[in-house]
Amino acid sequence: MIEIPHEKNETLEGMQKVMYAQNEQGTFERYNYGSSVEEFATQVAVEEYEILKKECLERIQKGEDSPIAFYMYENRMDLPTLASAVGMFQFRVKRHLKMRVFKRMSDALLQRYADAFSISLRELKEFH
Amino acid sequence: MTPMPFKHAQFAHCESGVMATLFSAYGFPLSEPMAFGLAHALSFVYLPFVKVNNLPLIAYRSLPKSIIKTLSKSLHVTMKTQTFKGEKEANEALKDLVKEGKIVGLQTSVYYLPYFPKDMRFHFNAHNLLVYGMEEENYRISDPVFEEAVVCSQEGLSKARFAKGVFAPKGFMYYPKNMPQEVDMHAILHKAIVKNAKAMLTPFPFAGVKGMQKLAQKILSLQTEENQRYVKNYLTHIVRMQEEIGTGGGGFRFVYAAFLQEAKGYGLNEMLLEEASALLVKSGSALREFALYCVEGSKKPQSLNTQKIATKLIEASTYEEKAFRLLKALE
Chain A
1 MIEIPHEKNE TLEGMQKVMY AQNEQGTFER YNYGSSVEEF ATQVAVEEYE ILKKECLERI
61 QKGEDSPIAF YMYENRMDLP TLASAVGMFQ FRVKRHLKMR VFKRMSDALL QRYADAFSIS
121 LRELKEFH
Chain Y
1 MTPMPFKHAQ FAHCESGVMA TLFSAYGFPL SEPMAFGLAH ALSFVYLPFV KVNNLPLIAY
61 RSLPKSIIKT LSKSLHVTMK TQTFKGEKEA NEALKDLVKE GKIVGLQTSV YYLPYFPKDM
121 RFHFNAHNLL VYGMEEENYR ISDPVFEEAV VCSQEGLSKA RFAKGVFAPK GFMYYPKNMP
181 QEVDMHAILH KAIVKNAKAM LTPFPFAGVK GMQKLAQKIL SLQTEENQRY VKNYLTHIVR
241 MQEEIGTGGG GFRFVYAAFL QEAKGYGLNE MLLEEASALL VKSGSALREF ALYCVEGSKK
301 PQSLNTQKIA TKLIEASTYE EKAFRLLKAL E
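These protein sequences, in sequence, are chains A and Y.
Per this note's numbering, the first sequence starts with residue 1, numbered consecutively.
Per this note's numbering, the second sequence starts with residue 1, numbered consecutively.
Please keep in mind that the hints were generated in silico from the structure rather than gathered at the bench.
The reader is advised that the hints may include incorrect statements.
[Claimed, not checked] Here are the simulated EDC-like pairs of lysine to aspartate or glutamate, each with C-alpha atoms no more than 16 Å apart in a straight line:
no. : chain 1 : residue 1 : chain 2 : residue 2
1   : Y       : 210       : Y       : 184
2   : Y       : 118       : A       : 74
3   : Y       : 232       : A       : 39
4   : Y       : 51        : A       : 50
5   : Y       : 118       : A       : 10
6   : Y       : 159       : A       : 115
7   : A       : 54        : A       : 74
8   : Y       : 232       : A       : 48
9   : Y       : 299       : A       : 47
10  : Y       : 282       : A       : 3
11  : Y       : 282       : Y       : 321
12  : Y       : 99        : Y       : 137
13  : Y       : 170       : Y       : 89
14  : Y       : 164       : Y       : 87
15  : Y       : 232       : A       : 47
16  : Y       : 118       : A       : 47
17  : Y       : 198       : Y       : 331
18  : Y       : 299       : A       : 3
19  : Y       : 73        : Y       : 155
20  : Y       : 164       : A       : 48
21  : A       : 8         : Y       : 119
22  : Y       : 118       : A       : 39
23  : Y       : 299       : A       : 48
24  : Y       : 164       : A       : 115
25  : A       : 103       : A       : 126
26  : Y       : 118       : A       : 13
27  : Y       : 328       : Y       : 275
28  : Y       : 282       : Y       : 315
29  : Y       : 214       : Y       : 315
30  : Y       : 195       : Y       : 331
31  : Y       : 95        : Y       : 147
32  : Y       : 118       : A       : 50
33  : Y       : 118       : A       : 3
34  : Y       : 80        : Y       : 100
35  : Y       : 170       : Y       : 100
[As the list claims (entries may be wrong)] Covered by chain Y, according to a simulated footprint, are these stretches of chain A (three or more residues, beta-carbon under 8 Å):
no. : region
36  : 43–49
37  : 80–87
[Stated by the list, open to error] Take a look, some chain A residues computed to stay more than 10 Å from chain Y by CB distance:
no. : residue
38  : 32
39  : 38
40  : 57
Positions of the beta carbon are idealized from the N, C-alpha and C atoms, including for glycine.
Bound-form chain Y, shown alone (with noise of 0.2 Å):
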């Protein structure tokens, strides 16, 4: 199976984006929302014990790879996935794909791109892009987060490939080697929307609308932090989880936003969800001005107001759980 001829398009998120150029080269046209949507992707995590640079983990979506997984399973894909030893190994797998005409994805670290602004490189060992050909020894890339295409030197992505740490991708690849045939979209957007209504909706207090307010409640505690190099770290942590790490917490909501007005016509209920898209929009404009509050808060520290950051996370929370209760009770 070979892909049409490729176009570079700039998404909100890696993973998705990936997701949705690779489904589209291949045959299978998919917006960015729907593989987004489809994967049940969106979430909120806080978890206080699992640290990075010192700071709890907090995320906006679901874990990295969920999204090829789920949203291949879902559409009765099979990905051809490849982990490797080693740089050559890898670099000679992935030319002979080249050569044969495929796109194909891989997982990387955000640090070892060269062509990433300096200030944007970290160790995010999650980044998806896309390979589609070569130039002599170089490789034509396609990155979603980019606005135009871009060509990376083979050892500066193979270091990118074989980055260590958390989520270290060892040199992961994947493309689809077959298309979705008469899809029963109706049956599996119910699914795919009750899955992370519930998901949304869990009891465990560090995640979904629970995970919310339980970061609320920290916030709060930040307002007799004497350490105020740590309090403006942590309140821009919050900002870099939500709006730097692919796309932000409000730009997540406004993805998912999109998808539930695109997955109108399945016959599904469209009032409901017209009215959840609403809702997720007005999630996403609080998480806006609580990341807005959040910056504000760690420049004047002596005016910090950790009670106004709070409640306006609070407010998103409560949009979005009046979203997936409606959506939990789709028919």
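Extracted from the complex, chain A is given alone in its bound form (with noise of 0.2 Å):
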């Protein structure tokens, strides 16, 4: 038989999930779940994010990394989806992630993160 956990997983914010299990003719139907299990490996995946800002924010104090690092984190992307985003080359874009890089950076070419993060071109220049 099929166990139907019914623990809560806040990361649904109240909703639920289904799955298959068999009823007591052995044939299978939907049912309702919750579970811890899942909600713990979404809340690590967060939080794991949550650690790279802060981080990142660690080091564009040092003046080491830009904002376009800070923003990628914020919107929960890593390098290959941020350079697909903008259309540019991983490469490009690793460069664009430091502070010495972004400082020379064109508007033009700055508008086009700023795009991708959904803010405006003043939010990604003047990021304190």
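Using the hints, build the complex out of the two chains.
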């Protein structure tokens, strides 16, 4: 018999997912369930981005990382996802994650990142 | 061809759910397990050299879009499919179809769908949903993994349809142009089951039963890994790929078990289907326990026991090997 968990999963904000399990006659039906295992896995992934953001802010203060790096994590992206979102090669985007390079970037180029992050050019340039 | 009045239903997995609803709405009643099984969509893939957020690609079912393609092909249904260059064009085409009373499937990115819970929004580009109407400028959406139908703004939906990255949807839209006539269920079930069995028993070391064993080996190697943050992320990543993206690894096994049971009664070997179905239930349950062990291991890294975790995955793989050896020889 398939066990149907009824645990809390706050990441779903009150929603429940369904799974298949057998009823008493042995026929499969759909049942709502809640899983704390799934909840934990999701929370780790969400928290990982928070940690990445925090570490990034420290590097921004040291003048190492650029605001683009921060917004990349803020938008739960990795390098390939961001590169695809702005339509550039990964090695180029990687350079833009450095403050040194960021300071010399044109507005037109920055605008492409601002669009990908759904923020204004000003928000990206006047980051603090 | 126009569909019947629309009724939302919740399913375990988005793509099989969408196809089940779509076919049923257009006059060919089809369950989710049937849609999944006929598309031979059960799979296992572990690709250490393809990275998602610096972690390997792990999948428990076939590639996105494959259920749409395979199912319609096996039932001799022509799907009208379209991708678009821009949002405006895509919206106009969608609105025209909705006005005609059509129900339309869309591929979207979970990250940009405003009605999704915040914690669930990640850059996963292959989420399928149905549009079945409009409410002023907003779309009425039947999202197969939600309990109730939802309403979504045009802006939000457009963003989700034009997300970039891996599996970028490019506005992908689809609906059936015709419905199956005189289907030889016996023949297509046999073909789909044997095909799935062969895929799961492939000699390629990163897929099917062998892929599960490969991942088990990798898990063992985490025992000596010193970067605890990496171990935690790795183990929960496995669980997320298993349980979150659509439905679980355990979940997919249960869907396939349900399919095998439904496949009885079409002149195939019933005893064999029953036995394989029971084995997949066992595998699904073992995968659930495996997920639990992964979470335990990442919660308490000091008492991490990779042997225990890997053994559970191997256990699941042996059930699947047995099941698919039986099914491969299905008469």
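Inset, instruction - Identify every previously stated hint that the structure contradicts and give their numbers, smallest first. - result: Numbers 1, 4, 18, 19, 20, 31, 33, 35, 38, 39 - these are the hints that the structure violates, sorted from lowest upward.
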